[in-house]
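**Student:** Sequence:
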Amino acid sequence: MPIISTLLPPRRILNTKLPFRDTSIPLPSNIITNEHALEISSWIDKKEIPYTENNPYEFELLVKGSRDGFDVKNIYNICDKVSNTVIVLKVVGTGEILGGYNPLQWTKETNGRNPTCDSFAFSLKTSNLKNSILSRVKNHNYGIGFYSRDSYYSFGHTLVLRYNLKTRKRSYCRINGESFDKPIRPAEFLSLDHCPPSSDKSTFNVEEYEIFKVSKRNDF
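All residue numbers in the sequence shown are consecutive under my numbering, ending with 220.
In silico DSS-like pairs for lysine-lysine, Cα to Cα no more than 30 Å straight-line:
no.: 1; residue 1: Lys108; residue 2: Lys138
no.: 2; residue 1: Lys130; residue 2: Lys182
no.: 3; residue 1: Lys138; residue 2: Lys182
no.: 4; residue 1: Lys81; residue 2: Lys182
no.: 5; residue 1: Lys47; residue 2: Lys81
no.: 6; residue 1: Lys169; residue 2: Lys73
no.: 7; residue 1: Lys138; residue 2: Lys125
no.: 8; residue 1: Lys169; residue 2: Lys64
no.: 9; residue 1: Lys201; residue 2: Lys166
no.: 10; residue 1: Lys201; residue 2: Lys138
no.: 11; residue 1: Lys64; residue 2: Lys81
no.: 12; residue 1: Lys73; residue 2: Lys125
no.: 13; residue 1: Lys64; residue 2: Lys213
no.: 14; residue 1: Lys130; residue 2: Lys213
no.: 15; residue 1: Lys169; residue 2: Lys201
no.: 16; residue 1: Lys216; residue 2: Lys64
no.: 17; residue 1: Lys138; residue 2: Lys169
no.: 18; residue 1: Lys46; residue 2: Lys64
no.: 19; residue 1: Lys46; residue 2: Lys81
no.: 20; residue 1: Lys108; residue 2: Lys213
no.: 21; residue 1: Lys216; residue 2: Lys130
no.: 22; residue 1: Lys201; residue 2: Lys130
no.: 23; residue 1: Lys64; residue 2: Lys130
no.: 24; residue 1: Lys138; residue 2: Lys73
no.: 25; residue 1: Lys64; residue 2: Lys182
no.: 26; residue 1: Lys213; residue 2: Lys169
no.: 27; residue 1: Lys166; residue 2: Lys182
Okay, the calculated beta carbon distance ranges per label pair:
no.: 28; residue 1: Thr126; residue 2: Asp219; range: 26 to 32 Å
no.: 29; residue 1: Pro26; residue 2: Asp200; range: 37 to 43 Å
no.: 30; residue 1: Val92; residue 2: Asp68; range: 17 to 23 Å
Simulated from the structure, these hints should not be mistaken for laboratory data.
C-beta atoms are modelled at their ideal positions from N, C-alpha and C, and glycine is treated no differently.
Could you build the full structure based on these sequences and the hints that come with them?
**Tutor:** See below:
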């Protein structure tokens, strides 16, 4: 008996590219963008090639100046015993976005310097700054300064936050590079002195600031 079989046409191979699956988590910030958050996450992980998508970290908003107040003492009360935090702040008049990463646990019980090799300060890219500036801790003994009683918080002398961040104009960045490896502001805005007065050009106040708890994502 002759064999009869049905011949099917050749299978077509589709080269259609599937759409990119965006697994990013919405960023609860009025200061920084998702691009900024990816850059900060890259610095935390010390990546030579920065993340460009799918941030492996979640940024949980803990403190916001316009909601929780601008006094540094408020930050100690809210963040006490919390570790791995990022602070970002927008400077009045210049539009600069300054900040830093603190891997240590906040403490309102002690005053003094706390050693760490992993903290860093930064100035983020804006319309007035072409590339972000990263400043890593150089002398680990100057990593983070916790001074709750004095309403004072610092990343060495590279970024010093004092009193009421909105009204007192006493925060500053110092030119002395003993603690971190580079300044995060232009030379004209760097202080030569420790704790300069509010009349000094180096001091600043902020429009807004935010603090985030940064945690590895479970779904990543």
